[in-house]
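One line per chain: the protein sequences are A and B, in this order.
Under my numbering, read the first sequence as residues 1 to 328, first letter to last.
Under my numbering, read the second sequence as residues 1 to 228, first letter to last.
The hints are simulated quantities; they were obtained by calculation from the structure and are not laboratory data.
Any given hint might turn out to be false.
[Unchecked claim] For lysine-lysine, the following DSSO-like pairs were computed, each having C-alpha atoms within a straight-line distance of at most 30 Å: (1) K73(B) x K177(B); (2) K73(B) x K221(A); (3) K221(A) x K64(B); (4) K224(B) x K188(B); (5) K68(B) x K221(A).
For clarity, every value in this text was computed on a predicted model and none was experimentally measured.
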Amino acid sequence: MRVQEKTINALVVVGLMALPLIAFVNDEPFTITLATRAVILAIAAVGLNVILGIGGLVSFGHALFFGIGGYSMGILAHHAQTYTALDLGFLTTDGTKLMPVIWLVAMAVSAIVAYVIGLLILRTSGVYFIMITLAFAQMFYYFSISWAKYGGEDGLSIYVRNDFPGLNTLIPIQFYAICFIILCIVLFLYARLQASPYGLALNANRQTETRVETVGLNSMKLKLVAFVISGAITGLAGALFADLNRFVSPTMFSWQLSGELIVLIIIGGVGRLMGPVIGACVFITLEHFLGGLTDFWHIFLGLILLCIVLFARGGVVGVLTGKEGAHV
Amino acid sequence: MSLLSVENLTASYGSSQALFGVDLSMAEGEVTALMGRNGMGKSTTVKAICRLIRSSGRLNLDGKDLHKLPSYKVARLGVGLVPEGRRCFADLTVRENLIAAARSGEWTLDTVSTLFPRLEERNRQRATSLSGGEQQMLAIGRALMTNPRLLILDEATEGLAPIIRQEIWSAIQRLKKETGMTILLIDKSLSELSAVSDKAVILERGATVWSGAMPALTPEISEKYLGV
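For reference, chain A alone in the conformation it holds in the complex (with noise of 0.2 Å):
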């Protein structure tokens, strides 16, 4: 039986709004935070899935921004929580327990290192472009490994979840409603971006990058705007992140976490609305049964992925569908 790709949508949406709801209701505050850590890595696959579903470019380096998403929570909040200053050499502050706040300097940072590095890894392509992003976050993970103001290889740990007006962000259902309203801002303006002009000529540029040219449309530009969205979108899930486990470490930064990104994107579908959700709900719920059973579970999640590369690329959203590609 086919299903309607907004129908599936619609049951997603639905599912994550009531399934949280029930284990509140029957309190069960673990299954919350299962489908928090769900809704958060859905928001960094997201982000990735702009620059890989729509724009064709596999980043293998993407927890490099999740990383500075997590590290600017938590610098943020060692330092306001000690209070002690944080010295940036431009400015000195407390720094913030805010949760909004966070967020907009996580989002910043992210988007103007992925500025600073697009500019230089965009010049490549295929297996370069690929190589390329793994480098740049091995060498935050290195380095954050040898920071030992923040933690080095141990990692940095928050006693406190940070604040967010109006909200008790220690209950877990309430943290989970911020995770879940910020995927579904953040799918909106995917569904936006995608339909645009813009996520035309991306998705366009995806295809053949000397057509695009030959239109007037500056390659190099499109897919570096949208590497700065996807990595803005991707450091705020880092933040998010770190806030749902009250610690920063170096893994935030590892390539496993970029493998897994793709994972995700795989699993639900490339270049789909809710492909990169799908993919998160399906690798927790694995993570989470599988992982009870025995600690070698990714040996099924391995098997899984290359059931679906081999026999359903589109993904669960294709397979559903019964339509492969994403853009068809």
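Go by the hints and put chain B onto chain A.
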């Protein structure tokens, strides 16, 4: 003053030289046929004008040196290319193909639909699902959406059914008569080119060997350089 001025244009693919001295001059509103046998450098000349390959010599559009510009800036300056083999954006619909290329000007979705009503009917279809003729119309429409001052059509009717070819030629005639657009045409059909072009330029072995008004292109010259 010429809109497009090409003098002693040379170009190479790696170590293999393809153009040895192309001269071409187009005034505003003029339709020029770029002719020659296969492999004589017509498409390479177009690629050089659009800055898709490295070239040297004089290459000016409205007094601006195109050699100093990347290809997207040449397009923004007003060079609209309908490439050989059409090459629409396959994963986009007809409407999306046109929107992706749109720049402000008199050519809009509505005016393109007026020129090619078939495209209006196929608005929501993906480019790959169109027939060859419809893809060609889309390629022309996409180039028009950039609101060019100079439209280049490289083998626009190649491989199409006669009835579709006629439709494309009619559209080119309308472009000439109703908009006064400057057009550079490459095609194998001498009769159709003669009917629509004001001027002809013939290339042989990567160099201009003849140029002049279309009526001056005698059967002897066609026989000598074009083999027809």
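Going through the hints against the structure:
This hinted pair checks out: K73(B) and K177(B) have alpha carbons roughly 28 Å apart, not beyond 30 Å. For the suggested pair K73(B) and K221(A), the alpha carbons sit about 13 Å apart, so the restraint of at most 30 Å is met. The hinted pair formed by K221(A) and K64(B) meets the criterion: a straight-line CA distance of about 23 Å does not exceed 30 Å. Note on K224(B) and K188(B): the hinted pairing holds, with a Cα-Cα distance of about 15 Å set against a maximum of 30 Å.
For the hint linking K68(B) to K221(A), the alpha-carbon distance of about 19 Å falls within 30 Å, and the restraint holds.
The structure agrees with every numbered hint stated previously.
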